[in-house]
Amino acid sequence: MSAGHFFVLGASHHTAPLAVRERLSLDDGATAALRGELAGIAGLHEFTVLSTCNRVEFYGVAAAPAAAAEVQARFCTRQRFVPAEFEQFRLSLSGFDAVRHLLEVTAGLDSQMLGETEIFGQVKEAYGAAQAHGHTGPVLNRVFQKAFQAAKQVRTDTAISVGQVSVANVAVDLASNIFGDLAPTRILLVGAGEIGEKTARAFQSRGAGTLSVASRRLESAMQLANDLGAFALPFWLVPVKLDEFDIVVCATAAPETVVSLAAAQAAMRKRPTRPLFFIDLALPRDVDAATAKLQNVFLYNLDDLAKIAEENRAARAAEIGKCRALLATRADALWRHIEPRLEATSAKPDASGHRTEIA
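Mapping to this note's numbering: the sequence shown position 302 is 302, numbers consecutive.
There may be inaccurate statements among the hints.
[What the hints assert, rightly or not] So the derived label-pair ranges between C-beta atoms look like this:
hint, residue 1, residue 2, range
1, Asp27, Gln223, 15 to 23 angstroms
2, Ala42, Pro83, 15 to 23 angstroms
3, Pro272, Ala318, 44 to 52 angstroms
4, His337, Asn296, 55 to 63 angstroms
5, Ala42, Gln79, 20 to 28 angstroms
6, Pro234, Gly128, 30 to 38 angstroms
7, Gly193, Ala66, 34 to 42 angstroms
[Unchecked claim] Cut-off 25 angstroms, straight-line C-alpha distance, at most; resulting in silico cross-link-like pairs (PhoX-like, lysine-lysine):
hint, residue 1, residue 2
8, Lys322, Lys124
9, Lys270, Lys293
10, Lys146, Lys124
11, Lys293, Lys307
12, Lys124, Lys198
Worth flagging that the hints you see were computed from the coordinates, not collected in a lab. Where a beta carbon is used, it is the ideal one built from N, C-alpha and C, also for glycine.
Start from the sequences and build out the full structure, keeping to the hints where you can.
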């Protein structure tokens, strides 16, 4: 490894099943704490932490092999993951391959749902957080900015996003298959985040009936309910009121199960002949997986929805080659630009505290 080595390591849906990704996932607090730990690693000059439902990845510029290895060690220790087990699922790339990977991730080519747009915002948010904490420098600033430009070009010059299938739309289609007309249904959204809101709006766009919102913070539930023209429900009432809803969309950041098997069983005793449809968009999962075994209960998680979406991506699949060729060309130009500068630009800041940007 040279003195200025660009790398990415992590794990994603490609190699790690949902149960493993639950153990690897970082909430906001864990991400912030881990950033503080990584900032103290000798020889790690720049880094960004990207954590989503489908991946956790570390992009960095290191001065020695030990620095990148220490990133993995700190992460595994925090997540209580045996390093040897993590390496069974690990992605580890460097140089040009790492640059190309970032470009493909940002453009939605590496996503479970090909061409999805949410990842662009997630990468931008991760980079923005790293920049705000002073963890980026000339290399990562250049690479991420070019990744954003490349992603925009892909969406403009190819049809990768045409007819794209989102988690929200797949969920609504499944609900329609179960209930038929959605107008009489009662829907509960548990969690006031972006993915839950998008799913709720997708249901409303298809004529779904009464919508209620619950969140661990009642103020958040009330605000989103007001935006959606819905009702707010105190979080503690979720397991008590389950039987009153037909569709339950769970998308919280809770570290523990929100809907237990016992709660689902109690609900079904009150509505044995009426289906109860759970859409679990959370990681870690909000709904106990055992509820899927109950009579008249339907449970779909992120991986289930992605598999269904995969069947509907033929129209966009033809664009994959075009997109990858475009991104490879951009990655090659970017790598040739930064490679000879990595060693110099990844050095520690000068006495004034400034770094030199790559033009």
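Hints versus structure:
Taken as a hint, the range 15 to 23 angstroms holds for the pair Asp27 and Gln223, whose Cβ atoms sit roughly 21 angstroms apart. A hinted range of 15 to 23 angstroms for the beta carbons of Ala42 and Pro83 is consistent with their spacing of about 19 angstroms. With their beta carbons about 47 angstroms apart, Pro272 and Ala318 fall inside the hinted range of 44 to 52 angstroms. Taking 55 to 63 angstroms as the suggested C-beta distance range, the pair His337 and Asn296 conforms, at roughly 59 angstroms.
One distance hint, 20 to 28 angstroms for the beta-carbon pair Ala42 and Gln79, holds here, with the actual separation near 22 angstroms. Separation of Pro234 from Gly128 is about 33 angstroms and conforms to the stated range, judged on CB atoms against 30 to 38 angstroms. At roughly 37 angstroms, the beta-carbon separation of Gly193 and Ala66 lies within the given 34 to 42 angstroms, and the hint holds. Distance check on the hinted pair: Lys322 and Lys124 sit about 24 angstroms apart at the alpha-carbon level, within 25 angstroms; holds.
For the hint pairing Lys270 with Lys293, the CA-to-CA distance comes to about 17 angstroms; that is within 25 angstroms, so the pair holds. Between Lys146 and Lys124 the alpha-carbon distance is near 12 angstroms, which keeps this suggested pair within the 25 angstroms criterion. Annotation: proposed proximity of Lys293 to Lys307 holds, straight-line Cα distance about 20 angstroms (limit 25 angstroms). In summary, the hint linking Lys124 to Lys198 is supported, as the alpha carbons are separated by about 19 angstroms, within the 25 angstroms threshold.
Violated hints for the displayed structure: none, as all numbered hints are satisfied.
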